[in-house]
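Visitor: Kindly produce the complete structure, drawing on both the sequences and the hints.
Quick note, the sequences are listed as chains A and B, same order.
With this note's numbering as the guide, the letters of the first sequence map in order to residues 20 to 349.
With this note's numbering as the guide, the letters of the second sequence map in order to residues 42 to 247.
Hints are computed from structural coordinates only; laboratory data are not their basis.
Capping the alpha-carbon separation at 25 Å, the derived lysine-lysine pairs in DSS-like fashion look like this:
hint, chain 1, residue 1, chain 2, residue 2
1, B, Lys101, B, Lys113
2, B, Lys93, B, Lys81
3, B, Lys89, A, Lys52
4, A, Lys94, A, Lys84
5, B, Lys210, B, Lys145
6, B, Lys81, A, Lys330
7, B, Lys164, B, Lys145
8, A, Lys52, B, Lys101
9, B, Lys111, B, Lys101
10, B, Lys101, B, Lys89
11, A, Lys52, B, Lys113
12, A, Lys52, B, Lys111
13, B, Lys66, A, Lys330
14, B, Lys93, A, Lys52
15, B, Lys73, A, Lys330
Just a sample of chain A residues kept apart from chain B, beta carbon distances all over 10 Å, derived:
hint, residue
16, Tyr69
17, Leu72
18, Phe87
19, Tyr151
20, Ser196
21, Ala207
22, Glu244
23, Gly257
Quick caveat, the model's predicted, so the values are computed rather than measured.
Using N, Cα and C, we set each Cβ at its ideal position, and we do this for glycine too.
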Amino acid sequence: METSIIIETIVKVIVVLTVFSVLAGFTTYIERKILAFMQRRLGPTNVGPYGLLQIAADGIKLFTKEDFIPANANKPIFMVAPLITAATAFIAMSAIPFFPEFEMFGYTVRPIISDINVGVLFVMSVGAVGLYGPLLGGMSSANKWALLGGARTAIQLLSYEVVSGLSLLAPLMMVGSLSLIDINNYQAGGISNWIIWSQPLAFLLFTIAGFAETNRTPFDLLEHEAELVAGYATEYSGMRWGMFFIGEYANLFTISFLISLIFLGGFEPLWFIPGGLAIVLKVMFLIFLFLWTRASWPHIRPDQLMWLCWKILMPLSVLNILVTALVIMI
Amino acid sequence: MGFEEFKNRNISEDYVVVQEDNYPKTSWESFKQVITRSVKGELFTGLKITFKMMTGALFKGEMATVQYPKEKLPIGPRYRAVHKLLVLLESGEERCIGCGLCEKICISNCIRMETRIDENSRKEVLEYTINMGRCIFCGYCAEVCPELAIVHGGRYENSSEQRAHFSLKEDILTPFDQINQQTEFAGYGSVSVDADEKIKKTPLSY
Numbered sequence: 020m021e022t023s024i025i026i027e028t029i030v031k032v033i034v035v036l037t038v039f040s041v042l043a044g045f046t047t048y049i050e051r052k053i054l055a056f057m058q059r060r061l062g063p064t065n066v067g068p069y070g071l072l073q074i075a076a077d078g079i080k081l082f083t084k085e086d087f088i089p090a091n092a093n094k095p096i097f098m099v100a101p102l103i104t105a106a107t108a109f110i111a112m113s114a115i116p117f118f119p120e121f122e123m124f125g126y127t128v129r130p131i132i133s134d135i136n137v138g139v140l141f142v143m144s145v146g147a148v149g150l151y152g153p154l155l156g157g158m159s160s161a162n163k164w165a166l167l168g169g170a171r172t173a174i175q176l177l178s179y180e181v182v183s184g185l186s187l188l189a190p191l192m193m194v195g196s197l198s199l200i201d202i203n204n205y206q207a208g209g210i211s212n213w214i215i216w217s218q219p220l221a222f223l224l225f226t227i228a229g230f231a232e233t234n235r236t237p238f239d240l241l242e243h244e245a246e247l248v249a250g251y252a253t254e255y256s257g258m259r260w261g262m263f264f265i266g267e268y269a270n271l272f273t274i275s276f277l278i279s280l281i282f283l284g285g286f287e288p289l290w291f292i293p294g295g296l297a298i299v300l301k302v303m304f305l306i307f308l309f310l311w312t313r314a315s316w317p318h319i320r321p322d323q324l325m326w327l328c329w330k331i332l333m334p335l336s337v338l339n340i341l342v343t344a345l346v347i348m349i
Numbered sequence: 042m043g044f045e046e047f048k049n050r051n052i053s054e055d056y057v058v059v060q061e062d063n064y065p066k067t068s069w070e071s072f073k074q075v076i077t078r079s080v081k082g083e084l085f086t087g088l089k090i091t092f093k094m095m096t097g098a099l100f101k102g103e104m105a106t107v108q109y110p111k112e113k114l115p116i117g118p119r120y121r122a123v124h125k126l127l128v129l130l131e132s133g134e135e136r137c138i139g140c141g142l143c144e145k146i147c148i149s150n151c152i153r154m155e156t157r158i159d160e161n162s163r164k165e166v167l168e169y170t171i172n173m174g175r176c177i178f179c180g181y182c183a184e185v186c187p188e189l190a191i192v193h194g195g196r197y198e199n200s201s202e203q204r205a206h207f208s209l210k211e212d213i214l215t216p217f218d219q220i221n222q223q224t225e226f227a228g229y230g231s232v233s234v235d236a237d238e239k240i241k242k243t244p245l246s247y
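Guide: Next comes the structure, spelled out in structure tokens:
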């Protein structure tokens with residue numbers, strides 16, 4: 020019994036690692052295509068049919084590129100920083116239930132690597148550790164742009180952790196459990212039971228904080244290419260740079276799964292759509308939303324970002340908690 | 042005459058001046074501005090526009106891309122790109138009579154020609170070079186040429202490792218075996234199509 024659980028877990032880990040590494044590469048392709056269509060151009064077309072082999076071409080390029088370490092950089096920290104980003108992004112996935120339980124060859128598979136009863140807390144905290152990647156990478160690069168990018172990592176990711184944590188508190192108070200499976204089961208029984216209807220403000224705040232934490236475009240301050248050359252990743256090349264981006268896209272998927280699990284009904288079946296497909300559709304829509312806003316909205320300044328975080332979003336989330344608590348008490 | 046009409050840079054009467062003098066002064070006013078802008082849904086208008094652009098590009102074929110090296114946009118007949126030296130269609134002789142007007146009028150001094158008197162005591166052009174690093178493609182040389190010998194062609198893809206690469210005579214002169222492909226020049230400096238009707242008789246012909 021014990022060995023079967025170990026084997027099952029190892030298989031799940033390998034599946035999650037491979038699937039999301041490939042998806043991270045594939046999302047770069049999708050992103051380039053969607054941004055291209057929104058700007059009325061074609062995007063990658065030359066490599067393979069519709070440019071689909073662009074992922075392979077990018078991979079070959081990243082793997083064969085010279086791994087460059089600046090002379091004055093703090094070498095061990097510089098080398099380990101991308102690993103932190105990629106590793107924490109994948110560790111955070113270990114507590115996310117991707118699909119409902121299903122039977123395969125008479126064996127019940129639970130598509131979650133480890134069902135811990137503090138799932139949300141685990142995912143959020145490991146995601147928060149991920150900010151050490153850009154921070155250490157930016158500070159050890161011996162480059163002023165990278166240093167500025169690292170400083171912005173500290174102000175942005177750290178502050179928005181507060182907002183995302185506080186905004187999640189209100190739905191958690193309603194559900195009464197930190198396990199993502201419990202939160203998902205709370206919304207069983209159709210669209211009207213989704214938490215987004217009882218907690219629209221929390222959904223909005225958590226989505227905004229998710230944009231900031233995955234440093235997607237409206238809050239893309241860490242590597243703002245118009246202000247900092249490439250931000251914290253200026254001095255990185257080859258696969259070390261690629262690790263940062265695999266981590267970023269893995270974080271994107273984590274946040275999309277979290278939003279759809281907590282607010283959008285998770286993997287509960289939707290009318291005739293089975294649960295597994297429903298959550299995939301929700302995640303795909305959220306990823307599309309992330310790319311859509313990237314094509315539409317401008318960057319904002321760091322002071323506007325902090326103003327928004329501490330003067331608008333944080334008081335609103337505290338207010339949301341207060342109102343929810345009062346309603347629950349009554 | 043004053044310069045007022047030249048100083049007016051408003052290209053359109055529809056200009057809207059954003060926030061000319063109603064900047065928020067107190068923090069309460071700036072807060073109100075943020076709230077109104079958030080509630081007004083400007084952000085969602087932006088999303089709508091990009092979505093419309095995407096559907097237009099995907100389903101209505103409004104893609105703006107030109108696959109440049111494979112397909113090229115047509116260029117106007119009066120476009121002035123790298124020069125060509127034309128020849129006479131009947132005999133294949135060079136039209137250039139070596140008068141040196143183009144050399145003289147060239148304002149960036151990039152044309153250089155070497156001539157001599159040949160055995161028939163006619164002028165013969167030995168060398169004709171145009172320094173493409175200096176040429177500003179003004180078209181004076183094509184305009185001044187009395188024989189319509191030097192014209193501007195349509196070749197605009199001229200990359201080189203050096204800034205000052207030369208257009209030698211053999212590069213721009215129509216080769217002898219391609220005379221049938223040479224079209225009479227319709228571009229800058231050429232005779233217009235209805236030139237014969239426009240010409241008035243000079244008093245000498247009466």
